[in-house]
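Starting from the structure of chain W, add chain B where the hints point.
Chains as they are written, first to last, in the working numbering: chain W, 1 to 325; chain B, 1 to 325.
If you're looking for bench data, these hints aren't it; they were derived computationally from the structure.
Note that the Cβ used here is the ideal one computed from N, Cα and C, for glycine as well.
Some hints could be false.
Covered stretches of chain B, as calculated for chain W (at least 3 residues, CB under 8 angstroms) [stated by the list, open to error]:
id : stretch
1  : 101 to 107
2  : 161 to 170
3  : 201 to 215
4  : 240 to 254
Protein chains: 2
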Amino acid sequence: MGNQIIAVDLGGTQIRTARYDLELNLLQRENTLTEAYLGLQSTIERMKVYIRKAMPASAEDVLGIGISSPGPLNPFAGVIVAPPNLPGWLDVPLRDIMESEFSLPVHIGNDANVAALAEASKGAAQGCRHVVYITVSTGIGAGIICDGKLLLGRDGLAAEFGHIPIVLENGTVSSVELEAAGPAIARRVKRSIEEGAKSKVMDIVDGDLKRIDARAVGMAAAAGDELGIAQLAYAGRIIGLGIVSIMHLFNPEVIVIGGGVSKTGDLLFAPMREAVRAQVMDEAYTENLRIEQSALGDDVALIGAAALVATDGGNLDISELDRRF
Amino acid sequence: MGNQIIAVDLGGTQIRTARYDLELNLLQRENTLTEAYLGLQSTIERMKVYIRKAMPASAEDVLGIGISSPGPLNPFAGVIVAPPNLPGWLDVPLRDIMESEFSLPVHIGNDANVAALAEASKGAAQGCRHVVYITVSTGIGAGIICDGKLLLGRDGLAAEFGHIPIVLENGTVSSVELEAAGPAIARRVKRSIEEGAKSKVMDIVDGDLKRIDARAVGMAAAAGDELGIAQLAYAGRIIGLGIVSIMHLFNPEVIVIGGGVSKTGDLLFAPMREAVRAQVMDEAYTENLRIEQSALGDDVALIGAAALVATDGGNLDISELDRRF
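In isolation and in its complexed conformation, chain W is listed as follows (with noise of 0.2 angstroms):
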């Protein structure tokens, strides 16, 4: 059996690849461009590439090829169902396109599961067996482990943190993901200036309105602009009230939180702390939980892919990546 591991991460603007040891220790790394524009099969095409630079002299050494992708896919059938950020991919069995191109076991999971697994074997989450993980950027996503298995569900679409629905206060039903997302907290910082709010972040912008997006408003933020702080609070408010449907449903004892709009850091997290504070049913949620921000950086979907190999798919607890070190 094979002691070296092949993982992709598969991107919208980048395709990453990189062999691992069994202890996930980084032995190679190769990245490229996705441009997904240039269609389907010329993707597929430089990804082979990719994977084939990343594979050791003998295939023999490979226990299997993980693959991150974004949602929504099947992990059990190893399609790609109809990314919103990779057009012109639908329904695509990538799991056997690659089986058959490399004679390998491949393995495929959603972004934000597998990056659960890779907290789990490197990250925050080390030594955890009740894990969630989180992601804040242009999507709210989130990967779950429950009592050391990878939480999948029927038909490999469990853990959609971003669709916990949200009621506003106007009565209608918005979610996680729409109010609290890099492009909704965007949204609402252009919607205040257009209707006459000052705020730093047109000085980041240059004063053009269309280029505002949540890294200039984090930017801001920091700086002590007032809007930009009370839009990233409300974000963290939203997604605190998310985390608290998280604890009470899961019970987990530690929650891991990454993705570009992490990166602002106390701006996001107070307030999220504040609103868990606030709404936990028992202190008993809170006593042996920790919420921490993910110190793993971009590659933490490359990890969780060789990690998904390393635990058959996520069929394995997670025990046996110690098991395997």
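Only chain B this time, still in chain W's reference frame:
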């Protein structure tokens, strides 16, 4: 190893005890009043007497004793923490008490949690591996089975469906339980009547406002009472919103709904299903999902207590239940 199981359902009103074989066929059944007002010691002594009545001729034939109790409780330590409907019960080490009395393994589980095991072994969720059981009664609780295993969480506090936060239109944060459990339904009907609304529920309670409960509201609604219908519909919509969270987080194959309020049937279920249809993010979540009324009746927690023993306190996969059969 024993081939019979002793099950206990410790409730606020009744204590039920029973003996089952390993296929969870009922061999013997007893029940008595809890009479919690007589004090903790009295209730525990009565439990012992009724467990003894349920025992077979030889204690060696008994695999273990399973006890279902209202929460909060610690299933790992076997301690009943402080159930609202068992006044005087505070951090009671019920497992140790019963193990030293009977020299048999004892497992203790939250009533809604073990009910999920009952549904998976004998009820509407037979043969399913991704199961959610929800009880709507004086409180709202749940039991969740993730890929064949009972979800307990870090401290055994998981599956508190009733404590999913719900933001109200006035901006305050409530919960599924505070909005949709029996007392909430009764409270809103009473308030409307106090404010001048007409309702058939007043005939049912002989004009005594204080006697209005969810059962009376259900009876009035079944007879066409508009106020009762509207308030059950509101509760159904709130539960439906909570179910959307559950669907997106767990992607279950079956959701079984029990408890007294669920007996109102379509008056609750139709608006609940409508909320699910309106808010689900993708039809993929509903395609393979059944939402059903529990058919196990009042013995659901008793059967669950037996199933708890058969799964070694929820540690074993539910497929073990079939293996034993």
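Checked hints:
1. Restraint check on the stretch 101 to 107 of chain B versus chain W: 0 residues with Cβ-Cβ distances below 8 angstroms, three needed, restraint violated.
2. Judged by the Cβ-Cβ criterion of 8 angstroms, the stretch 161 to 170 of chain B is covered by chain W as claimed, because 9 of its residues qualify and three suffice.
3. Counting residues of the stretch 201 to 215 of chain B whose beta carbon lies closer than 8 angstroms to any beta carbon of chain W gives 0, which falls short of the minimum of three for the stated coverage.
4. Coverage of the stretch 240 to 254 of chain B by chain W holds in this model, with 10 residues showing a Cβ closer than 8 angstroms to a Cβ of that chain against a need of three.
The structure does not agree with the numbered hints 1, 3 stated previously, though it agrees with the rest.
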